[in-house]
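Q: Taking the hints into account, I'd like the entire structure generated from these sequences.
The listed protein sequences correspond, in order, to chains A and B. With this note's numbering as the guide, the letters of the first sequence map in order to residues 1 to 297. With this note's numbering as the guide, the letters of the second sequence map in order to residues 1 to 303.
Hints listed in this document are in silico derivations from the structure and should not be mistaken for laboratory results. There's no promise every hint is true.
[As the list claims (entries may be wrong)] Stretch-level coverage of chain B by chain A, calculated; a stretch enters the list once three of its residues show a Cβ under 8 Å from a Cβ in chain A:
1) 89-99
2) 111-119
[What the hints assert, rightly or not] In silico SDA-like cross-links for lysine to any residue, where the CA-CA straight-line distance does not exceed 25 Å:
3) K184/A to T17/B
4) K85/B to G195/A
5) K124/B to G150/B
Built from N, CA and C at the ideal position, the CB exists for glycine as well.
So the chains spell out like this:
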Amino acid sequence: MKRFYFEKETTDRGGFYVPLYRRASPVDAVSIGYGLFVVAYLVVFFIISLTNSFIKDPMQVDIGQMFMSPSFEHLFGTDFLGRDIFSRIVKGTEAFFLPGLLCIAISTLFGLGFGILAGYYPRYCAGAVFYVLNIVDSIPRFIFILIIIILFNPSIYVIMIFVGITSIPKTASYIKAKVELLKKNRFMEASRALGLSQATIIFKHIIWIYSKTVLIIQATLRMGESVLIETSLSYLGIGVQEPAPSWGNMVAMGKDFFFQGKMWLSTVPAVIILMTIMGLYLLGDGLNSLYNEKVSR
Amino acid sequence: MLVEAEHLYKRFTEKRTKRAADACVDVSLVIEHGKTLGLVGESGCGKTTVGRILLRLIDPDSGSVLLDSCDVTRLKENQLRPMRKRFQMIFQESSSAFNPRMKVSDALKESLRLYRRYKPRELKSRADFLLSRVNLSRGSAENFIGNLSGGELKRLDIARALSIEPEFIVADEPLALLDMSIQSQIANLLLDIQREKEISLLFISHDLRMVEMLSHSVAVMYMGRILEYARISVIRERPLHPYTRYLWNPETASVLAGLPEGGCVYRSRCGLYEESGSPTRCIRETPVLIEKEKGHLVACHFA
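A: Here it is as structure tokens:
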């Protein structure tokens, strides 16, 4: 009988390159698969909620259909105003999807910029840039978000921009380390001798070939983080406000009816939140061990 | 391309300990159009440094390099970059001359695309042609560079240098790490290309016998200084400097002594110096490169 082995191979063997599918352990494969499933349903939900097709109107109040338990017509039942919970969950992705992408974009772009600047000109820029970034890094994020909300009562976009800004230092310090490490590598000299411009060397060789995996991993982790922040703020009643649906405020609204036997009102969105955040973090972790990078959350 | 280097001087200083080493002292050389200059010497004598200075990968402390009477030491990096298609280098450590996470075909295509426009199909056929020219199998084009062996990398390095079609190549030990059959293939390849395109070649090697096959003239280096400089036939038949004679016949056990203070750098190992009873002239005066015969320069008082 033939026997199959799962052997985890790494890139550590003297720079020996092993194809990705041979490096993945079963655990990695499962967590990445699950993570991709989560990403898939998030994207599908978002597209559906943008086009407003396939789902019932999530704002439609129907007193006659209050507290309907899950059925074929209402997949996850209805809430205390008779609104369809499934459509509200689908619509709820709008609350964090674009703000989350905005947060990722800000932290990645500015992190790249500052990282390259500090890595390439360590004498002139690194000190100043990282002085500022360390200050940003030392801000207690959640407390600061609460303060901003109390003072300005901003929209979720502004909050996510702030989250993006506070996560710039992580990306920047990673990119800086990568640039500094690779700058001394001999193949930089070879590329220079070939006649590649400085920009090509930085963006193609350092960023695209060496750092794209880390940026992808950081992006997935950051998406999970922004889902977490959005839902918890909405749960506290300071994020997305009723009647606009958000997974957080759905849990908050439904929790009063939990002990009256109508548990689907809060349980369904809570489980979805759990599944989503877990999926995004597992995706990040799986890619992390697959690419053998060491990115912390 | 006519290459002239004048009075190159480069000193490397270790930052912490302040220890300094002269990698090249007053090196002047000329490579005529379509000719090969062999640069011979033991490891650590500054051959690679001279090559890197010629292509301005590092800046010399003083001196000038004229490539077709254009002083590259004075150009800025931006002005120099368009010129780089005219001179290329074959690196000594090919393993660190490539980005190991690229595919072989991508690396070749990158250099091919750099100065010339190709259609995608032409690009692929050109890359395949280059691979076959350096005797790499077509299947290796899809390999990652980190997976190639040392000899394959060396050949890929040569293929990359050829892909630019330069007029001047600094070949830094192109035949080291290769086995005998491939060595002769590569040597013939270099000769062929030189004949076809009339490129100038700086051939750096520690092996005088290998240099003899390929070069028109030879410069012998020791401790960053050129000790003898002549046409290859002269070096073969009448080597004047004791070091060149030693390189031709390196059986005699010679201990590598440190750099003596002042005077002739080679005297601590020099047979001639001992035979003639340690003359004070060798200790006091540094010998200069003098033309002893026509076109035969030697830096020795007694040669």
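Q: Are there three or more residues in the region 111-119 of chain B whose C-beta lies closer than 8 Å to some C-beta of chain A?
A: holds (count 3)
Q: Has the given pair, K184/A with T17/B, been kept, meaning a C-alpha gap of at most 25 Å?
A: holds, 20 Å
Q: Would you mind confirming whether the straight-line C-alpha gap from K124/B to G150/B stays at or under 25 Å?
A: holds, 24 Å
Q: Quick one, are K85/B and G195/A close enough, alpha carbons at most 25 Å?
A: holds, 7 Å
Q: How does the region 89-99 of chain B fare against chain A when you require at least three residues with a CB closer than 8 Å, holds or violated?
A: holds (count 7)
Hint check: no violations occur; every hint is consistent with the structure.
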